[in-house]
Amino acid sequence: GAGVSQSPSNKVTEKGKDVELRCDPISGHTALYWYRQRLGQGLEFLIYFQGNSAPDKSGLPSDRFSAERTGESVSTLTIQRTQQEDSAVYLCASSIGRGPWEFQYFGAGTRLSVL
Amino acid sequence: GQQLNQSPQSMFIQEGEDVSMNCTSSSIFNTWLWYKQDPGEGPVLLIALYKAGELTSNGRLTAQFGITRKDSFLNISASIPSDVGIYFCAGQPLVNFGNEKLTFGTGTRLTIIP
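In the order they appear, the protein sequences are chains C and H. Counted from 1, the first sequence has number 64 at position 64 by our numbering; the numbering is strictly sequential. Counted from 1, the second sequence has number 209 at position 94 by our numbering; the numbering is strictly sequential.
Next comes chain C alone, as it looks inside the complex:
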């Protein structure tokens, strides 16, 4: 597709359930990022994938959070045993990934509500 696609756009779940969020990056983009944006807050870095390198997981808030990426395509962010504080918009971005500076293109996000 033309841009970064995320699904679902909205997800309502019960506390304690697992959720899986999906991101389809722009074709050809080797770098992929996940961010969390709580209501009225800025973007909080979660995890970063670059090509076949080991992902930078330094932003994951707990071991309930994990993410995978298949090659240079789709990524899934999984949150296990969801808690109410996990409620936020989860944004995915991708970029060409060359050089220390670059442009990140964002998806519209998945709004997660944990009841």
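This list has only true hints and no planted wrong ones.
Here are the simulated lysine-lysine pairs, BS3-like style, with alpha carbons at most 27 Å apart:
1) H:Lys185 - C:Lys57
2) H:Lys216 - H:Lys166
3) H:Lys185 - H:Lys216
4) C:Lys57 - H:Lys216
5) C:Lys57 - C:Lys15
6) C:Lys57 - C:Lys17
Okay, the calculated beta carbon distance ranges per label pair:
7) H:Gln129 - C:Gly3: 32 to 38 Å
8) H:Ile195 - C:Lys17: 41 to 47 Å
9) C:Gly51 - H:Phe127: 40 to 46 Å
10) H:Thr226 - C:Arg38: 17 to 23 Å
A short, non-exhaustive set of chain H residues, derived as facing chain C with CB atoms under 8 Å:
11) Gly155
12) Glu156
13) Pro158
14) Ala163
15) Phe203
16) Lys216
17) Gly220
18) Gly222
These aren't lab readings, by the way, just hints derived from the structure by calculation. The beta-carbon is built from N, C-alpha and C at its ideal position, and this holds for glycine as well.
Starting from the known structure of chain C, fit chain H onto it as the hints suggest.
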């Protein structure tokens, strides 16, 4: 994780007014970026800055990379209704040189009063 300090947190202005917001950090940055986020959408890149002192314009938007490399500002001239949204600064700290991880600011919410 680290976040950049943006100010003001929110602005209420009348159409046609000029807007100024800034972003500061305690550490040196290699790159400064400014994004705009509309409701229900992801952020969209507005301006990118790569050198200390650089001043770059994109239409009615002007941004500068501070000389100290620890700050940046964004100006919007003659605001119009479609300027409403949340503006984020983002940057690449010097310590992250060699990877593409960005640090984002806390955002400035711009509202235009009718």
